[in-house]
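Asker: Here is what each chain is made of, one letter per residue.
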Amino acid sequence: MSVKTLTIDGKMVTGIAGETIFNVAWNSGVRIPRLCHVGGVSDVGACRLCLVEIEGQKKLMASCMTNVEEGMVVRTNTERLQSHRRLILELLFAERNHICAVCVMNGQCELQDMAEELGMDHVRMRYLFPKLEVDTSHERFGLDHNRCILCTRCVRVCDEVEGAHTWDLKGRGVNSLIIADLGEPWGQSDTCTSCGKCVQVCPTGALFSKGRTVGEMRKDRRFLKYIVTAREKHQWIR
Amino acid sequence: MATTTPSKPSKAADTARDNRAKLLERAMSRHSYSGDALIEVLHTAQELYGFLTPDLLKSIARKLRLPPSRVLGVATFYHFFSLEPKGEHSYIVCLGTACYVKGALGLLETLERRCAKAGRTSPDGKVSVNSARCIGACGLAPAVIRDGEIVGRLTPRQVTEDLDRIGVK
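So the sequences go chain by chain: S and X. Numbering-wise, the first sequence is residues 1 to 238 according to my numbering. Numbering-wise, the second sequence is residues 1001 to 1169 according to my numbering.
No lab work stands behind these hints, which were simulated from the structure alone. Check each hint, because a few of them may be wrong.
Stated by the list, open to error - With a cut-off of at most 27 Å between alpha-carbon atoms, the simulated DSSO-like pairs for lysine-lysine come out as follows: (1) Lys170(S) - Lys1063(X); (2) Lys131(S) - Lys1086(X); (3) Lys1086(X) - Lys1117(X).
Said to hold, decoys possible - Stretch by stretch, here's where chain X covers chain S in the computed footprint (C-beta under 8 Å, at least three residues): (4) 179 to 187; (5) 222 to 234.
Every residue, glycine too, gets a C-beta built ideally from N, C-alpha and C.
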């Protein structure tokens, strides 16, 4: 394994060949904003919030999808990146019916936190207000498409950690939707094991436990690290 | 291996249906039931049955050993695959730059007003309306593919007359 030395925000850091810029940055204390990344499952580069500037490249690169190279000079928080990130967040909000005041995750939501952190205090474009359904057919959990940001964390955790692959994406572009099996109500899914991993990793209130009302939903993110470490290293650390 | 057919086979159509199931089975075995061949298999299924029903998707998923959600995801991602029966007639309006400039939107508007939104089939099952980016017939702009044939230099009026001829209300 060869070691790569690079600069992130003026700081000399080292990473192993094949590691992403995102991981190396976080390990060395540079927090790059993200919504679709979740530790323990693969990355897809869906949310584009982790875009970074790399010297010598005109294009912005998703740091969770770009491997470190020797001598790279990476900037993660320039004016240009900040304004792009705010725009991406505004588009995410405008695409569905994100109204924090009536959401189960109000106060704990990663999308809301990200907006606060990046200083996105209003949305300049008009909300699309699509008419989407809420699926509460599962006995313990609910799926509200109105709050989904299509990060596909649930799809990946269900496939890679639980191994059930109940979830996937249907359609394309603005018409994409999370589906269970053949687009059936969640409660009727043959493959779902009701493990609840998707609910715990969902960054917004799209997946929630039933019986929670506004601001009452809490999610436990540590469980995934626990399972993944247990599986890969045979160490059960809480 | 039992194959699910999309609807209950009537006696007359029995042999034809069996044949379709057999052909689909053969396509899958040609790819040694590999999940990587999903798109090819869906192509074959669509050619054989005209459209993809949930039962058909379910049986493909089972045989290729894929999760059903992945199969539906792929089938809905590509516009080529259709989950509802195609109409008797099909109109594909080219929305490439040349056709657009020459008024393809007017043609599409006429079709959408009389029949169905792009990508859909009219409720009476007569006409399927679709749009395409560029069909490579820019010299004939605005061009439409009507039942598999390219018709060029169309006007909304001609489209209206055409629809009247087919008997669209």
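Asker: If a hint holds in the structure, say so; if it does not, say that too.
Answerer: Here's how the hints hold up against the structure:
1. Using a Cα cut-off of 27 Å, the hinted pair lysine 170(S) and lysine 1063(X) holds, with the two alpha carbons roughly 21 Å apart.
2. Among the hinted pairs, lysine 131(S) with lysine 1086(X) is consistent with the structure: their alpha-carbon atoms are about 26 Å apart, no more than 27 Å.
3. Between lysine 1086(X) and lysine 1117(X), the direct Cα distance comes to roughly 13 Å. Compliance with the 27 Å bound is thereby established for this hinted pair.
4. Check on the stretch 179 to 187 of chain S: 5 of its residues sit with their Cβ under 8 Å from a Cβ of chain X, so the three-residue criterion for coverage holds.
5. Coverage of the stretch 222 to 234 of chain S by chain X is violated. Counting CB-CB distances below 8 Å, 0 residues qualify, and the rule asks for three or more.
Violated hint for the displayed structure: number 5, the only one.
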